[in-house]
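Participant: Here are the chains, one letter per residue:
Number of protein chains: 2
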Amino acid sequence: MVERLVVIGADAAGMSAASQARRRRKVDELEIVAFERGHFTSYSACGIPYWVGDVVDGPDALVARDPKTFREDYAIDVRMRHEVVGIDLARREVTARDLDNGGRESTVGFDRLVYAAGAVPVKPDWPGVDTAGVFGVQTLDDGAAVREWVDREKPARAVVVGAGYIGVEMAEALVRRGVEVTVVERAGQPMSTVDPDMGELVRQAMDGLGITIRTDENVRALSTKDGRVVAVETDRATHPADIVVLGLGVRPNTALAKEAGLTLGVTGGLRTDRRMRVVDADGVWAAGDCVETVHLLTGQAVHIPLGTHANKQGRVAGINIGGGYATFPGVIGTAVTKVCKLEVARTGLRESDAERAGFSYVTATVESTNRAGYYPRAEFMTVKLIAERGSGRLLGGQIVGRAEAAKRIDALAVALWNGMTVDEMLSLDLGYAPPYAPVWDPILIAARKTAEKLER
Amino acid sequence: MVERLVVIGADAAGMSAASQARRRRKVDELEIVAFERGHFTSYSACGIPYWVGDVVDGPDALVARDPKTFREDYAIDVRMRHEVVGIDLARREVTARDLDNGGRESTVGFDRLVYAAGAVPVKPDWPGVDTAGVFGVQTLDDGAAVREWVDREKPARAVVVGAGYIGVEMAEALVRRGVEVTVVERAGQPMSTVDPDMGELVRQAMDGLGITIRTDENVRALSTKDGRVVAVETDRATHPADIVVLGLGVRPNTALAKEAGLTLGVTGGLRTDRRMRVVDADGVWAAGDCVETVHLLTGQAVHIPLGTHANKQGRVAGINIGGGYATFPGVIGTAVTKVCKLEVARTGLRESDAERAGFSYVTATVESTNRAGYYPRAEFMTVKLIAERGSGRLLGGQIVGRAEAAKRIDALAVALWNGMTVDEMLSLDLGYAPPYAPVWDPILIAARKTAEKLER
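Chains as they are written, first to last, in this note's numbering: chain A, 2 to 457; chain B, 2 to 457.
Treat the hints with care, since some could be wrong.
[Said to hold, decoys possible] Each pair of labels, with its calculated beta carbon distance range:
hint	chain 1	residue 1	chain 2	residue 2	range
1	A	280	B	341	48 to 56 Å
2	A	205	B	390	45 to 53 Å
3	A	216	B	112	57 to 65 Å
[Claimed, not checked] Anything over 12 Å on all C-beta distances counts as not near chain A; from chain B, calculated:
hint	residue
4	40
5	204
6	337
[Stated by the list, open to error] Output of the computed footprint for chain A on chain B, the stretches with three or more beta carbons under 8 Å from beta carbons of chain A:
hint	stretch
7	409 to 420
8	432 to 438
For the record, the hints were derived by calculation from the structure and aren't laboratory data.
All residues carry an ideal CB built from backbone N, CA and C; glycine is no exception.
I would like the entire structure built from these sequences, with the hints used as guidance.
Facilitator: Set out below in structure tokens:
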């Protein structure tokens with residue numbers, strides 16, 4: 002008997018699951034139907050700021066595989082612009098609405114279901130937030146909308162609300178398009194994903210780009226005129242704006258899942274086991290920005306919407322659906338980005354995370370270079386490590402630098418993943434040659450200094 | 002009572018040991034005398050090819066700390082141009098010859114001894130090998146000699162014998178100085194430190210630089226005229242040469258140690274324990290290019306002369322001499338270099354190493370990019386992994402690529418160091434953003450393909 006797999010959301014997570022399931026179970030065993038409410042499949046949402054900033058082409062270049070490829074090469078019945086509006090777990094069927102055909106509804110039965118509906122941008126209920134000229138940035142369709150506004154309206158001034166990854170990246174993109182940008186951030190620093198001392202380095206880089214960064218400032222309302230946004234009102238100032246971009250993060254898009262009776266966790270994301278099966282739901286899988294996962298250092302549930310996790314989780318779900326065995330054990334919070342030429346990377350816990358989790362710790366921060374100091378174009382980088390007092394175990398690392406800095410976080414991430422102590426790290430056999438590192442790599446210099454502090 | 006530490010060889014290993022010992026034991030406890038037969042202390046030998054190639058300044062820029070700094074800031078009595086010619090373990094004294102003062106000899110007693118005499122270039126007994134115009138490249142003094150010859154003699158044609166790290170780097174350096182270069186290599190590929198398939202990529206890069214590379218060719222003699230080298234005779238051809246550089250590797254400089262009765266291992270290097278104490282010799286330590294160490298994957302003794310190991314081993318010796326506790330557990334064979342813009346990196350075992358050690362293994366080779374494919378200046382890289390059949394444990398990794406490729410070896414090295422399987426690696430939380438990686442980092446793509454091969 003042919004089984005049917007229904008996939009809700011045809012982006013990274015959903016289509017990784019579908020492709021992997023197809024790899025292991027051919028058409029005569031498994032029929033696959035995927036519903037996507039947007040215009041694009043399997044795209045790089047992370048590429049949107051670079052598209053808006055004219056650094057990369059779009060939207061097609063950002064699509065890893067298009068619907069035609071999935072249909073022809075994977076025999077997956079991808080239904081674009083179809084929004085799933087209901088899941089009936091008892092009857093094993095979903096109801097989808099065809100957005101391009103007057104919302105005509107259809108019902109499709111399933112044996113197995115993958116819920117991969119992604120995330121939705123956080124949108125506060127500020128007065129004026131629904132006015133023209135105010136954008137969230139989550140989907141390629143959102144990216145297209147921002148681009149169209151910039152091309153057509155030629156805004157002179159932008160306000161970006163939120164100085165996290167998307168906020169900072171969009172600020173840089175808009176500066177590249179010749180817009181004067183102010184970033185308003187509630188916290189005391191930009192890029193709260195790193196510690197305040199490292200965030201200060203990001204602030205300096207944003208200053209250098211001509212971005213005005215206003216921290217410790219809360220938005221109260223958006224002012225409008227003739228149905229368009231004209232300013233952002235905060236508790237401290239009025240910032241004129243011809244375009245407003247909301248970079249306030251996203252939340253799991255799980256309203257439909259909740260309605261169907263699937264189990265949500267404390268973060269609002271779907272709870273799954275290590276094989277990406279939704280807990281207490283037979284034959285239902287979930288992956289991507291709509292699920293919560295485990296932080297391996299704290300054991301706590303976290304919602305970390307990143308394309309890299311979505312791809313891995315989707316792959317794991319698909320392998321398991323296909324009859325194989327694969328697991329996604331959790332995350333350690335690795336992330337990298339750049340602000341102009343400044344590279345910013347982190348893994349593991351920040352100081353505040355470590356405190357909250359009850360760790361006693363020491364930190365050490367060092368400055369070194371990406372290459373031997375005497376080698377041409379050696380550039381500075383700052384490396385900060387956090388290690389547990391007593392055990393000496395690495396708890397977190399942060400790197401801010403000018404070149405070849407961000408991806409050094411990977412060696413730290415693998416060390417941390419394996420529970421290494423900073424003392425053990427000092428023996429690590431890392432690559433050394435003058436064009437690539439000082440004889441002590443910056444991360445080893447940081448480990449040395451951390452180990453010395455632990456000794457005291 | 003004040004103890005005296007004598008250090009033989011004031012380069013990376015010796016002076017790391019001396020500095021660490023000084024950190025922990027002040028002048029009133031420990032007197033430190035260091036003998037150096039050359040003109041420089043603590044220099045980057047790895048920088049020599051870049052100095053010869055006019056990429057970096059030298060020689061002073063290559064010196065991390067000069068004798069004056071050691072004397073004034075570390076209270077270390079550095080005696081330059083003093084060659085130690087005898088060690089008497091029973092009487093606890095060394096005899097040194099002052100090379101700049103007619104070889105006047107002096108004797109200094111010691112309580113503890115660090116042997117850090119480094120390595121000497123392999124110099125075959127080919128006829129003509131001692132002629133003017135033939136150079137090894139090991140010390141800064143060697144580097145200065147090559148530079149002087151190039152500046153003064155303006156050689157039109159060079160032959161580099163040996164296509165390992167130093168050979169390839171010197172070939173590139175000489176091309177940069179306008180010399181026509183032929184590299185003669187006994188093996189069937191350049192850069193035998195990587196597998197033949199990866200070595201082929203290096204060959205292509207060398208071709209692209211205009212370097213003539215002759216593999217499977219054995220040197221028989223060097224032809225001379227008027228006391229100068231004029232050609233290299235091999236078993237297959239005569240290669241005219243106005244300068245010949247020997248890049249045949251180095252061997253531990255342990256003649257003096259052997260004469261004194263210290264224990265040498267199978268590689269000819271000094272045998273030490275994990276704390277860098279020479280085995281069976283009370284109060285004698287050794288570090289750097291003169292020692293052998295353990296390959297952690299095979300358990301075999303290996304001689305891997307690299308500045309990064311020398312620094313670590315010296316530090317470990319010094320901490321232990323100073324009353325602390327530190328160990329150097331061994332190496333996994335990580336190394337990186339570049340050939341023009343081609344980055345070459347390796348860690349762990351090659352296929353031939355794995356075979357020799359008795360591993361059954363699978364390999365997978367993938368091509369991917371350093372950045373998201375759609376991001377500007379995305380460059381290709383090739384990643385090859387070797388994993389043990391059955392256990393799935395990573396045994397080795399090799400990377401050849403155009404940009405931001407070589408240092409990706411570090412994440413592999415840390416994974417390998419921790420005994421990860423390629424399957425476990427698939428869950429690794431590595432840094433992802435379009436400017437830094439595709440959503441699946443090249444090393445994860447390689448791990449996926451290797452895991453798939455293991456499944457079969």
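Participant: Decide, hint by hint, whether the structure agrees.
Facilitator: Here is what the structure says about each hint:
no.	hint	in the structure
1	A:280 / B:341: 48 to 56 Å	holds (54 Å)
2	A:205 / B:390: 45 to 53 Å	holds (52 Å)
3	A:216 / B:112: 57 to 65 Å	holds (59 Å)
4	40	holds (18 Å)
5	204	holds (19 Å)
6	337	violated (4 Å)
7	409 to 420	holds (count 9)
8	432 to 438	holds (count 7)
The structure is inconsistent with hint 6 alone, although it conforms to all the rest.
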